[in-house]
Amino acid sequence: MTTQPAYTRSSAAVAGIAAPVCKGGVRIMDVVKRYGTQDAGVLAVDHCTFDVPAGEITVVVGPSGCGKTTLLNAIAGFHSLTSGSIYLDNEMLCGPGRLKAEPGPDRIVVFQNGALFPWKTNIENVAFGPIMQGYMTRRDAFEKARDMMADAGLRGIENNYPGEISSGVRRRVEIVRALMTDPKILLLDEPYRALDSLTKSVMHEALLETFYKNRVTIFFITHDLEEAIFLGHRVVIMTTRPCKPKKILDIDIPHPRDYNVLTTKRFREFMDETAAAVHEEATKAFAAGEKER
Amino acid sequence: MSQTELSHSRGITAARGNTDGHVSILALTFHRAALWLQSPRPYLMFIGFSLFLGFWYLAVEVWKLPRFAEMPGLTTVVSEWLSKNPTYGLSIFMEEYYLHIWVSTRRIAIAFFLATAIGVPLGLFLGWSKRFKQYVFPVFELLRPVPPLAWVPLAIVMFAGSETPVIFLTFLASFYATALNTMLGVESIDVSYIRAASCLGAKRWQVFRHIIVPGALPFIFTGLQISVGVAWFSLVAGEMVSGQYGLGYVINTSYTMVRYPTIIIGMVTLGIVGYVTSAAIRMLGDYMMQWRTRELALGEER
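So the sequence lines, in the order shown, correspond to chains Y and D.
First residue of the first sequence: 19, per our numbering; consecutive thereafter.
First residue of the second sequence: 11, per our numbering; consecutive thereafter.
Calculated from the structure, these hints are not laboratory results.
All C-beta atoms in this analysis are idealised placements derived from N, C-alpha and C, irrespective of residue type, glycine included.
Among the clues, some could well be false.
Here are the simulated BS3-like pairs of lysine-lysine, each with C-alpha atoms no more than 25 Å apart in a straight line [as the list claims (entries may be wrong)]: (1) Y:LYS162 - D:LYS143; (2) Y:LYS138 - D:LYS213; (3) Y:LYS118 - D:LYS140; (4) Y:LYS202 - D:LYS213; (5) Y:LYS41 - Y:LYS283; (6) D:LYS143 - D:LYS213; (7) Y:LYS202 - Y:LYS162; (8) D:LYS74 - D:LYS140; (9) Y:LYS118 - D:LYS94; (10) Y:LYS218 - Y:LYS231; (11) Y:LYS283 - Y:LYS265; (12) Y:LYS162 - Y:LYS41; (13) Y:LYS118 - Y:LYS202.
Distance ranges between label pairs, derived from CB positions [stated by the list, open to error]: (14) Y:SER215 - D:MET298: 33 to 41 Å; (15) D:VAL156 - Y:VAL220: 55 to 63 Å; (16) Y:MET110 - D:ARG219: 27 to 35 Å; (17) D:MET298 - Y:ALA58: 56 to 64 Å; (18) Y:ASP290 - D:ALA37: 53 to 61 Å.
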């Protein structure tokens, strides 16, 4: 890999690739989410404000069960807010007057346990979005799906069912399915949680490669600090429940990154800088007896 | 990979048909039969049958145990069943034997078809719409524990002739099993699938068609297996009460006319026909849920 100029926010493009107009910036403003009633409920998200810059990877790190997923569900439109607002590219998704966003193909979620439909073959899964939305014929959608899978190195498994391929490959197929509909933002909810660490590192590089190709905005949730710093342009460390940003870091390690980054001094510095903060929250979460969610 | 594993996965690959990736059901069946013969299972099964039949033979005809002595012996039943000129009028060479089988099977087929045609959609809507469930489910749950036999008088009053009451009774238990399992099937679907589909732009009815129906299919087929089993239960009960043909009728009249070997012939025949209907549904399920068949096949392999 040739040396890259230091990454700066203004030059979001990877050297040699012209910067496309990036979409998918999300602004989270003063979001509160309470489950149950004012008195007896659980406060999951507490006046949370931060930005997810367009065309970048933003990683949210926090202890399990801290309310990160609640935030993601609000952006995706699965849950309503209690108060506050969320904007996507300056358009309000949810906020006063409309507390629940409408789920839509501009924000695609990749789920913790994977949600490829087991009764559809891999290619049927990938082609699902455009066919449902009706802007592509079945034939065209299959053609595009085949191309995109080939691009992602997923040739030869088109007609297999998800149950027949490894969980790592399943995640990659799911990300291709998400990209098929050309979303503004991908919402990844601990997608690699169940994978072993070796598979995980392969998945990280594959995700970065996909990102460099597509420049889609990524909102990534994890409880793994190393994963967060390795992938993210920006890392948002959350407090334990109720969740709000404790620390926001811009990771200035240049992109494109590969696994060599893990051994650099700068990477270690970020780890050292954040480990204490994350550990502190994890201890609090443990003391509070938070259950795994 | 060991040798057997290797041959197994090759078998699965071979069983996968043409380019569209669908398993040819015939190839899969052959593959399974071959595997079955290589395993100890058929031989253990043979031993199991031998022990059972041997005990019957010894208990009745050799040891003449108390209470067993009255029962028809194995040799009596088999020779009656295979006789060209049966003492009590029913054997595999008599046309009447097949007429009874045909009548019972026809009743099962009609009742099972109706139970599926009504039970599956009802179950899907019960699982899909909370509001619909709130209306219908309490009534359903109150009627379900009523045994089909308790419906006999009402069935005879409600339906004309001798055929429709029997079919109605057969239908009842089947219908409950199918509807309930279908509903549970819909409720068992991981919410992530529904969310993923709506993310990808599927409308409500598209979610129903592409997620709810296929997602509930494994439970639906479990329901159908149970359904066909209980259909035979209630069919025999119904045939004992009314009707002039059918295997339940054979058993009942043979009892009143003291034709004991014929009772056993009727019972064995019920066992065989019941097993065949069950197996047919299992095969249909395997065919319709290839994704699951393959997953399970891989599970065996691992």
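Going through the hints against the structure:
no., hint, result
1, Y:LYS162 - D:LYS143, "violated (41 Å)"
2, Y:LYS138 - D:LYS213, "holds (18 Å)"
3, Y:LYS118 - D:LYS140, "holds (20 Å)"
4, Y:LYS202 - D:LYS213, "holds (20 Å)"
5, Y:LYS41 - Y:LYS283, "violated (32 Å)"
6, D:LYS143 - D:LYS213, "holds (22 Å)"
7, Y:LYS202 - Y:LYS162, "holds (18 Å)"
8, D:LYS74 - D:LYS140, "violated (61 Å)"
9, Y:LYS118 - D:LYS94, "violated (77 Å)"
10, Y:LYS218 - Y:LYS231, "holds (20 Å)"
11, Y:LYS283 - Y:LYS265, "holds (21 Å)"
12, Y:LYS162 - Y:LYS41, "holds (22 Å)"
13, Y:LYS118 - Y:LYS202, "holds (19 Å)"
14, Y:SER215 - D:MET298: 33 to 41 Å, "holds (39 Å)"
15, D:VAL156 - Y:VAL220: 55 to 63 Å, "holds (59 Å)"
16, Y:MET110 - D:ARG219: 27 to 35 Å, "holds (32 Å)"
17, D:MET298 - Y:ALA58: 56 to 64 Å, "violated (47 Å)"
18, Y:ASP290 - D:ALA37: 53 to 61 Å, "holds (60 Å)"
Of the numbered hints stated above, those contradicted by the structure are hints 1, 5, 8, 9 and 17, listed in ascending order.
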